[in-house]
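Colleague: Sequence:
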Amino acid sequence: MSRTYVETSTCLLEGIDGMVREGYYNDRTEAVNDAIRLLLKQYKVSKLHQKDVKRDKTKLT
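Note that the working numbering has the sequence shown beginning at 1, numbered continuously upward.
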């Protein structure tokens, strides 16, 4: 696994720490990795949607 350094706001870090305290995640790393996976998934879905919209516009012309 690779390491990286990330700067974030105190508010976001407190939110992550709260989720760890509540047992939703085991540690900050798990929480951040899950957030990154979700971001990438949303990005991929958005790209697929854009392709569908372009395809549908082409069909209409």
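Please keep in mind that the hints were generated in silico from the structure rather than gathered at the bench. Errors might be hidden in some of the hints.
[As the list claims (entries may be wrong)] Between beta-carbon pairs, the in silico distance windows are:
#: 1; residue 1: S2; residue 2: Y43; range: 15 to 25 Å
#: 2; residue 1: N26; residue 2: D56; range: 18 to 28 Å
#: 3; residue 1: V6; residue 2: Q42; range: 12 to 22 Å
#: 4; residue 1: Q50; residue 2: R21; range: 35 to 45 Å
#: 5; residue 1: R3; residue 2: V45; range: 23 to 33 Å
#: 6; residue 1: M1; residue 2: E22; range: 16 to 26 Å
#: 7; residue 1: M1; residue 2: D56; range: 13 to 23 Å
#: 8; residue 1: T29; residue 2: R55; range: 32 to 42 Å
#: 9; residue 1: S2; residue 2: D56; range: 21 to 31 Å
From the three backbone atoms N, C-alpha and C, an ideal C-beta is built for every residue, glycine too.
Colleague: Could you run down the list of hints and mark each one as holding or not?
Modeller: To see whether the hints hold, each was checked on the structure:
1. S2 with Y43: 15 to 25 Å: This hint holds: roughly 19 Å between Cβ atoms.
2. N26 with D56: 18 to 28 Å: The hint (18 to 28 Å, Cβ to Cβ) is violated, given that N26 and D56 are roughly 43 Å apart.
3. V6 with Q42: 12 to 22 Å: Holds - the Cβ-Cβ distance for V6 and Q42, about 19 Å, lies within 12 to 22 Å.
4. Q50 with R21: 35 to 45 Å: Since Q50 and R21 have Cβ atoms about 39 Å apart, the given range 35 to 45 Å holds.
5. R3 with V45: 23 to 33 Å: Taking Cβ atoms as reference, R3 and V45 lie about 28 Å apart, which means the hint holds.
6. M1 with E22: 16 to 26 Å: Holds: the Cβ-Cβ distance is about 25 Å, inside 16 to 26 Å.
7. M1 with D56: 13 to 23 Å: violated, 41 Å
8. T29 with R55: 32 to 42 Å: Check passed, 39 Å falls within 32 to 42 Å.
9. S2 with D56: 21 to 31 Å: violated, 39 Å
In terms of the numbered hints stated before, the structure departs from hints 2, 7 and 9, listed from lowest to highest.
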